[in-house]
Amino acid sequence: MYLTKEEEKALDGEFGEAIEKAMQILVALGEVYGADRLIKITSAHISGVSYKTIGDAGLQFLRDMARLGARVCVKTTLNPCGMDAVDWRSLGIVDEEFARNQKAIIESYKQMGVETTLTCTPYYLSNKPDFGDHIAWAESSAVVYANSVIGARTNREGAPSALAAAIVGKTPRYGYHLEENRKATEKIIVNADLEDPADFGALGIYVARLGVKVPYFILKGKAVNLRIYAKYLGAALAAEGSIAMMHIEEFTPEWDKYEHEFLDKIVIDKKDLKEIYEEKSCDAEEELVALGCPHLSKEELKALLNYKPKKPTWISIGLDMYEKNRDLVRTLEKIGYIVAKGTCFIVSPIENAFHITATNSGKASRYLPSFCKQCVILRRTDELLVSCDENTSKSNL
Amino acid sequence: MKIRARAISKGVGEGPLLISDKPISFLGDVDPRTGIIINKENPLYGKKITGKVLAFPCGVGSTVGSYVMYQMRKNGTAPAAIINESAETIIIVGAIISNIPLVDSVRITELKGFKYAVVNAYEGWIEVT
Numbered sequence: 001m002y003l004t005k006e007e008e009k010a011l012d013g014e015f016g017e018a019i020e021k022a023m024q025i026l027v028a029l030g031e032v033y034g035a036d037r038l039i040k041i042t043s044a045h046i047s048g049v050s051y052k053t054i055g056d057a058g059l060q061f062l063r064d065m066a067r068l069g070a071r072v073c074v075k076t077t078l079n080p081c082g083m084d085a086v087d088w089r090s091l092g093i094v095d096e097e098f099a100r101n102q103k104a105i106i107e108s109y110k111q112m113g114v115e116t117t118l119t120c121t122p123y124y125l126s127n128k129p130d131f132g133d134h135i136a137w138a139e140s141s142a143v144v145y146a147n148s149v150i151g152a153r154t155n156r157e158g159a160p161s162a163l164a165a166a167i168v169g170k171t172p173r174y175g176y177h178l179e180e181n182r183k184a185t186e187k188i189i190v191n192a193d194l195e196d197p198a199d200f201g202a203l204g205i206y207v208a209r210l211g212v213k214v215p216y217f218i219l220k221g222k223a224v225n226l227r228i229y230a231k232y233l234g235a236a237l238a239a240e241g242s243i244a245m246m247h248i249e250e251f252t253p254e255w256d257k258y259e260h261e262f263l264d265k266i267v268i269d270k271k272d273l274k275e276i277y278e279e280k281s282c283d284a285e286e287e288l289v290a291l292g293c294p295h296l297s298k299e300e301l302k303a304l305l306n307y308k309p310k311k312p313t314w315i316s317i318g319l320d321m322y323e324k325n326r327d328l329v330r331t332l333e334k335i336g337y338i339v340a341k342g343t344c345f346i347v348s349p350i351e352n353a354f355h356i357t358a359t360n361s362g363k364a365s366r367y368l369p370s371f372c373k374q375c376v377i378l379r380r381t382d383e384l385l386v387s388c389d390e391n392t393s394k395s396n397l
Numbered sequence: 001m002k003i004r005a006r007a008i009s010k011g012v013g014e015g016p017l018l019i020s021d022k023p024i025s026f027l028g029d030v031d032p033r034t035g036i037i038i039n040k041e042n043p044l045y046g047k048k049i050t051g052k053v054l055a056f057p058c059g060v061g062s063t064v065g066s067y068v069m070y071q072m073r074k075n076g077t078a079p080a081a082i083i084n085e086s087a088e089t090i091i092i093v094g095a096i097i098s099n100i101p102l103v104d105s106v107r108i109t110e111l112k113g114f115k116y117a118v119v120n121a122y123e124g125w126i127e128v129t
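Chains E and U supply the protein sequences, listed in that same order. All residue numbers for the first sequence refer to the working numbering, where the first residue is 1 and numbers rise by one. All residue numbers for the second sequence refer to the working numbering, where the first residue is 1 and numbers rise by one.
Calculated directly from the structure, the hints in this document are not laboratory data. Careful, some of the hints might be misleading.
In silico DSSO-like cross-links for lysine-lysine, where the CA-CA straight-line distance does not exceed 27 angstroms [to be verified]:
hint	chain 1	residue 1	chain 2	residue 2
1	E	K213	U	K22
2	E	K373	E	K324
3	U	K40	E	K373
4	U	K74	E	K40
5	E	K110	U	K40
6	E	K5	U	K10
7	E	K9	U	K10
8	U	K40	U	K74
9	U	K22	E	K103
All chains, please: the whole structure from these sequences, using the hints.
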């Protein structure tokens, strides 16, 4: 891999140990994955925040990096943490020791100059790349969104490689930074209506299991709220199948950029989605309803005003979303929703309080059984809540 | 026997050779406090990897594995060096942040029967005896 003189110096430790380590990571990954050089990035997004997932090992590493003087040099946002970021006691799932360690992790990131947005949807408010930008994002659902819906360019980074890229301001040029890897590999014809986040999630899980790499979707049926709900499709694809990018005909910005006429065609219909719903239908009454995986947008929050919970219902949002919409959140809390701020029901230890969870998220239905030991139910939103208005149609959600 | 390898995380290490023909997830398969392999499915179950040269096909599992390797270095339980068939991100990043010499492009089956290994992850070779 070609390095500039400045980059060589950084790798030799001339700018300190933190930058040296970060450069070593980028160069090693670049060499292994066949990058020709490093390229500048406009932003980074870092995962690996919850004390539940990274534990003492991660805390120790982040503390040491902060002590070494590591500083990010591009806009860098942060994934959700393992407890409510405003009041750790509010959700009743973590103890004082967990809270202390979680705060120490967030503090270490803050010391490194990372914006503690605590969200998996940084693209709504805090970190909005432009079409064509090279970025280094972790958080697999945000990676698909950035590549596909925004048209920015990122590989599926892990927590340390995204942090290394943020410290150096560069990432190795390979994978989805290159045109040739962004082309669709299979054509997916969907002969089913997609009317709810759960439908998009079920589709994502089904398609991911086919082993596709860069799917090109043709949505023949309804695609309600595609602009918002595309994130549920991408999140499920990424969780079930390590997918980093998708195209949706006449929707995503690069859909007609590459040749797609001669791709293998796969047809999906209603019964295929039903199969996923049937598989994810725990034979017991849910104790928790979980919405907001990925984190909700402001429009989605507003739509929830037309409903009310019938079971304990968590709605997960970023800390940045909370800070800009406190009144709306307060109203939702008055209706009876439990608003989980800067966290979610995957990265927080909900297993301390719940065993059976119903969700409208395909991604959550993939992770809840393993990460949180939940018996899981995938269901449409309007079946999880009570409508306040008989005229409220599904499409208003 | 000397075998060429690709140097990934620079350094030199040597020690008794431990071979697993199964991939290893540092999160879950290894106890970072003791350095002992705790996954019963792994052929090295019950063995201590501290100070050894650990050879396995590739990393697998959670990316938190990189941090577990770092924790092992801090605890003094890290392996002396790692040999992979084809290194992936978790082991690459973990080895670098933990200063564990790492090479790959070595066929693990070729190492069978050897008891001791020297890993030179500057020049890109290993020597097994």
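> Hint by hint, which ones does the structure fall short of?
Replying inline: 2, 4, 5, 9
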